[in-house]
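J.: The primary structure of each chain is shown beneath.
Protein chains: 2
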Amino acid sequence: MDGTMWMHHPRTASMREFLSDAQRFGQLRSIHTHFTFAADADFLENDIRVKPDLDALGSLGDEGWYCVRAILWAANYELPKTVTASRNPELNQAGVILSCGASLQWEDGKVATFHCSFLTNLTMDITAVGTKGTLHVHDFIIPYEEKEASFYAATESGFDDLVTKWSSQPSKHVIKTDIPQEARMVSEFARLVADIKFKNSKPEKKWPTISRKTQLVLDAVQASIERGFEPVQIQE
Amino acid sequence: MDGTMWMHHPRTASMREFLSDAQRFGQLRSIHTHFTFAADADFLENDIRVKPDLDALGSLGDEGWYCVRAILWAANYELPKTVTASRNPELNQAGVILSCGASLQWEDGKVATFHCSFLTNLTMDITAVGTKGTLHVHDFIIPYEEKEASFYAATESGFDDLVTKWSSQPSKHVIKTDIPQEARMVSEFARLVADIKFKNSKPEKKWPTISRKTQLVLDAVQASIERGFEPVQIQE
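From first to last, the protein sequence lines are chains A and B. Heads up: the first sequence is residues 1 to 236, going by UniProt numbering. Heads up: the second sequence is residues 1 to 236, going by UniProt numbering.
Keep in mind that the hints were calculated from the coordinates and are not lab data. Among the clues, some could well be false.
Because identical chains share one entry, a pair is satisfied inside a single copy or across any pair of copies.
Said to hold, decoys possible - Taking lysine to any residue and the SDA-like style, the derived pairs with C-alpha atoms no more than 20 Å apart in a straight line are:
(1) K176 x Y144
(2) K176 x L162
(3) K81 x G109
(4) K172 x E145
Required output: the full structure, derived from the provided sequences and hints.
T.: Written out as structure tokens, the structure reads:
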């Protein structure tokens, strides 16, 4: 299991239900995710994420990980066919990425974009748009509050007759949690270990599979940057 | 003056104040806009926006116009240097765009992306991220309500000590309006005409200038699609 804590918040399961509901959301067609934070001078100088011989994928490997995971999560972990980096990465003097973005395309026409940066205000968005519905969440990695988290869901949105306002607004869904998502993640990890140790279970495959898929997409973004923003095909 | 009605809502002036505030927003670094609606079968068959000999820019010319205008508005109408269409447009049988997207780059490293579609649920987003602040709005073209409209502004967002929640949440700003934005637009048009007719004023240049800039970017997206998603330089 990787340490992607927001996967373990009960809100994530509730958002998944919405995205999986053909009546409320339909089929996913476009997603945008945004994860940025304003790193301070010490971070930009000394953190392992800005050192080419340490966590060398920089903002892409740190923030981009969460963006790409959210995109794959929304797409039911179906890998995109093609990844094309945006022509705009910002690098530090050692060549480590401080901000970048990419667009992803699937064979069925589904598309996604993301943007990540160490250089702008803390922002954590998912916008997922389906044929029938729209999901909005602005704190998907660390919720605004520890004991609850919310998201907005809209279905078959439209206007009134004179097109001066919406006929229905997105609904806010508040999901309570007894313990923080990080504690839930550790609890899940302990459960998986105990199942192997005491119940003779085989190691589960879900977490390593989605970790690997996330890394495959990040590597493709990195490769696209290195190849002058050419599209890179994803090979499973 | 073009018919971009949301420019005339008082909320737009209030959002502009936030984006222009160096203390609250800092400098703009990334923007994403999303405008989609689920056109019905009659629209997709008969509307002028899907006819190659009528409003031939399709979703790009209709919805993309609002997205690009929002991006230029957020960037103080500074034209991007480069526009690259995403490798994903969906076209109808006559070759008219039903959905597409693009990424835009400025010389100072600022970036934007947008996505527009006739094929998914009604969605109208601006996410603008600066060095110090973040703007969110989900109904920028037609507000949820006729008499008021809101947006969310965040400044120097961060976490509590244990990183289990945010130390401050975005603030909601509600802007009331006496008459709908469309009536305000007509009123502004009448004022401009009256100034010429009765006060001997010269025609103002703001509106034709920003209309032309919007069209320049749309034309560059269209050119990028036609050139196999190559980057297109914007020439003023």
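J.: All the hints need checking, so say for each whether the structure fits it.
T.: The hints, checked one at a time:
For the identical chains of this complex, K176 and Y144 are intra-copy neighbours only, at 12 Å inside a copy versus 27 Å across copies, given an alpha-carbon limit of 20 Å. For the identical chains of this complex, K176 and L162 are inter-copy neighbours only, at 19 Å across copies versus 39 Å inside a copy, given an alpha-carbon limit of 20 Å. In this assembly of identical chains, K81 and G109 lie within 20 Å of each other by CA distance solely inside one copy; the values are 10 Å within and 28 Å between copies. Proximity of K172 and E145 under a CA criterion of 20 Å is satisfied in both settings, with 15 Å inside one chain copy and 17 Å between copies.
When held up to the earlier numbered hints, the structure conflicts with none and fits them all.
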